[in-house]
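All chains should be modelled from the sequences, with the hints used to inform the complete structure.
Keeping their order, the protein sequence lines are chains A and B.
Just so you know, UniProt numbering puts 8 at position 8 of the first sequence, and the rest follows in order with no gaps.
Just so you know, UniProt numbering puts 848 at position 848 of the second sequence, and the rest follows in order with no gaps.
There's no promise every hint is true.
Computed beta-carbon distance windows for the label pairs [to be verified]:
#	chain 1	residue 1	chain 2	residue 2	range
1	B	G635	A	T150	34 to 42 Å
2	A	E85	B	G942	54 to 62 Å
3	B	R355	A	D125	52 to 60 Å
4	A	G139	B	R476	51 to 59 Å
Just so you know, the hints here were simulated from the structure itself, not pulled from any lab data.
We treat Cβ as the ideally placed atom computed from N, Cα and C, and that holds for glycine.
Now for the letters of each chain:
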Amino acid sequence: MNAPLTAEADWHHPLAGMASSPVRAVDHLDICRRQAVGRVLAAPGEGAAVAAILAQIEGVRTAGVEEWLVVDAGTDGSLALDLAERLGDLAFVLDASDADICLRLSGPNSRRILAKGIGIDLHPDVFGIGAAGYTLCHGIRLHLARMADTSFEILVPRSYAQSLMDALKRMGREFDLSTGFSA
Amino acid sequence: MSAYRLTSGGLIDRGAPLNFTFDKAGLSGFAGDTLASAMLANDQLLMGRSFKYHRPRGVFTSGSAEPNALVTTGSGTRREPNARATMVELHEGLTAISQNRWPSLKHDLGAINNLMSPLFSAGFYYKTFMWPSAFWEKLYEPVIRRAAGLGRTTLKRDPDTYEKVWHFCDLLVIGAGPTGLMAALTAGRAGLRVVLADEDFRLGGSFLCETQMLDGRPASVFAQDLLEELSALPNVTLLPRTTVFGWYDDNVFGAVERVQKHVAIPLDKLPVERLWRIVAKRALLATGAEERPLVFGGNDRPGVMMASAAVAYAARFGVAVGRRVAVVTASDSGWHSAAALARCGVQVSTLIDARPGAVAPPGLVLPEGMRQLAGAQVVDTLGRLRVEGLVIERAGYEERIDCDAVAIAGGFNPRVHLACQRGAKPSWSEPLQAFLPPDVGPAFQAAGAAAGVWTLSDCLRDGAEKALALADELGRRASLPDLPVVDDEASDSTPAAPVWLMPGARSKAFVDFQNDVHAGDLALALREGFGHVEHAKRYTTNAMATDQGKLSGVNASGLLAAMKGLSPDKVGITTYRPFYTPVSFGALAGAGRDEEAVAHRHSPLHGWAKSEGAVFVEAGLWHRPAYFARPGENGWRASVEREVTTVRQAVGLCDVSTLGKIELFGPDAAEFLNRLYCNPMLKLPVGKARYGLMLREDGMVFDDGTVSRLGHQHYLITTTTGMAAKVMSHMEHAAQVLWPFLNVRFVSVTEQWAQMSLAGPKARAVLQAVVEDDIGRAAVPPLAAQTVRLRSGVKGRLFRISFSGELAYELAVPAGHGPAVARALMAAGQPHGITAYGLEALNVLRIEKGHVTHSELDGRTTPDDVGLGRMLSQQKADFIGKRMSERYGLTAADRAQLVGLVPVDRSRTMRAGAHLLREGAKPSTLNDQGHVTSACVSPTLGHAIALALLKSGRERLGERVIVWDKLHNEEVLAEVVSPVFVDPDNSRIDPEDLA
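Right, here's the structure in full:
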């Protein structure tokens, strides 16, 4: 039912054409070229069963009540199909690979940079590694996940990508944040 | 010369001289000075002119409560009016100019107001400028505003940047004086996340002006040691130059940090000011106390200032405020200040205590040669631009006292403001003779002088103990730090009753210095029936200036109480609200200005549309193509005409990605939709789409769109662009609150898909060139909703739906593939003369077909009003809006109904918003018959057409009405017709010959 991720050359990134910083700074915002994202909604009453299956999979992020995102670097289009197969009637699975753009912010000042736009407590005791959820940044809804002590993943809706990018650059100016597409 | 720089002492860096100018005169100071201290060191006593009477004024405090020393700093685009010289950190090249004077600060013609002051009593404007009322706005107010005033701002663009930041902590300590530092240390050592904020550029609070020793060390050295330990703790955030200005719900505090206000050229990468939103589990008000002024005749003469300020200038800045200082006091604190001044090397010649029989506090080492006068009242001051003496009265005996500076001490007012900003009122304490902060719960407590604790050692202990208790509440083990011994500390004596007014004033005795309110004004307010503390404030403008009555508020309350013969407890105090001190608009706006004020959204086809020459229009946050200009086209209408005509005659491509798209799953998805929409949904077959109309509970149309059944338990609905988020919340409400028992889940998929509408007689031919699957009339009939495979291998969704009335498809592909697919369709359509078309053409096409949008569905229309009454299912047991739809008012025959209008004179045009009148009726809204909802010039018909809501409109086809546009002063005679102007039989939507 869902479209496979094919024809790489025909696939357009909304930030394509954006110039990368000439030098990579200690605080860096990495723009993922492309990623596969599956959205999993547990069928009513099946939340625990779905969570148990997802616990065995890499790249799972909580995304609401009995709702998850599975992020995978592969772009062969198989992620959503695989998930649907594994979960069967327990959950509804959608391919959300084109819905969001994935950014990765890392560096010693990443928390201070995010504090300039995000109103949630990102102290490791409160929002530890693996914590994730939806929040707002300058009025833009995004999905934030902590990957490491000083590293965060941001999934931003494609239509807002440019606006969020502008905001993040502004927020990182104090720390000479560099930006660029992943290699 | 009177004020001068002491040869030693102070926390200034005498090795770092700084040059600055005041009213273009070159002066110099040192690093560590404020503008006020540096001006005093240059004997520049006169710093401003008062607001109303233009009286000469000098600096009165050494902190943020300053009412007099308001100056304009900077120049050009960085010009900033009303800066308090006491809060401006001196930097090299600082320029400051005085305000509210002409031609100069020394010779101000406005001072004539002072001579005419008997005319300008409180309430003068209200009583005088009453008639004619229209003159108030146009004449009186502008003239009064010009005469009275503050500095002028620049209207040029602010070149600097601002930002906002969130911060979370266990404990916010407001004020970095002795109490705050001990609290921060106690909590910080226990591992709590602590924020210590202080408005001063140097942390330490009253430690910085303290002349007593702690454990044998100077207080400032002791403070420095504490700060060094605090700054080494990773869990402690120190925020100097940061004013906590407001306390809000959920223990969120607003604070503004002046990041780069103290530098000549700010760095680009840093904001000049940063607004902090601090979410604190606990907060401690350690703001200390403000010294209370004494109200006596001529108390505003330059050179008269708070005793604590005189001590601060001497101890912290190494500046003597005079060579013969007189101290006027009504409490023991004046005696302590006199001793402190002497310790710094400032000569105090006289001490006047209003209390009869007052003697020096025991053990205090008094200044050598100081004359002591107890039971004396000051009735006037001498001098013009600076004080030269005092006139005092003692039991009927008048005496002139020579002096060049007057330090006044009327007791202390705890700085309770923040704790009162959410409605609680401070309470008057008889034993302490002061207003104390209210009990606002455990999350926000006061400590130290802010809580009425007066001595240094008690404040240190209070700060530590309260932090200990807070840490304990938060489950952290803390221990009391060692408290230093304060050498030669005076005992905490019980204060005498305050002296609210020294009797026998020979000239104005000021209460509010910034707004020129004197004791007589308050008396007048009371006499004229405005004696309530809030009324008196408005009547006299006491405490209404930019200092918000930090010095005058309590004195006004005390004076009113004394005038009424009551305790201040019975009079109370005016309401404290944010902001504690003024906050710039720049800081409040943060980064949100210009294009960055709101986010914008781009469709996945944005770049493609741009390459096709799109001119964009903002539709909510979206930037959508309005029309696609081609070379040679003269204006938007030419482009729109071409686009509409091409769609009707050949084919056009329109980006409809911005429509909201929501996917639903679950065994009860059909039932859920059936209850959500007013038309039936249960029997929609798999592979089919249907138009759907949602109502609000009140029976009015909420939104419209399509519902497609993609699988047995799998649906996709579309919403209008503008209502996408609202429909989603509406559905969440329905699923969580109305029908939680329905087994359904849904999620927005708007961002996943690029969606294109391909419309026109050649649509199928063009589409077939791109889609691999058969899309013939049999395979994809009207209202089909299917998955298709494109020749490029991409899988998409195809919907056979039409908004234009033409043969049309909507093709959805994963967003990243959108531009390539759009380009492929344009290439395939080139032989047919395909055009991209925008919102304007889309609008014309749908008006021609009589299709409604939110111009018609404006929240006041029912399905029947817009001609969709047949969609209101009579069979369904229930749906949102069913009950209320049956109300009489919603079924009345004279409701406005959707009709079409054509101008009788076909060369005329009509505008949306114009009112409808019966032919011959007087143009008046009293005769209103309805209004035009949408209007355009139809390229298909060659003349203007409009959709309108007209009273009982469907019965009035053929009638003539006047389309009256009062705004443009236009009247057009129009004929009422069917709202479907083009192809009323819908023959074009599925033409057989194209099978």
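Quick rundown of the hints versus the structure:
1. For B:G635 paired with A:T150, a C-beta distance near 55 Å fails the hint of 34 to 42 Å.
2. For the pair A:E85 and B:G942, the beta carbons lie near 59 Å from each other, so the given range of 54 to 62 Å is met.
3. At about 56 Å, the CB distance of B:R355 to A:D125 agrees with the hint of 52 to 60 Å.
4. Distance hint check: the CB atoms of A:G139 and B:R476 are about 36 Å apart, inconsistent with the given range 51 to 59 Å.
Checked against the numbered hints given earlier, the structure breaks hints 1 and 4 and satisfies all the rest.
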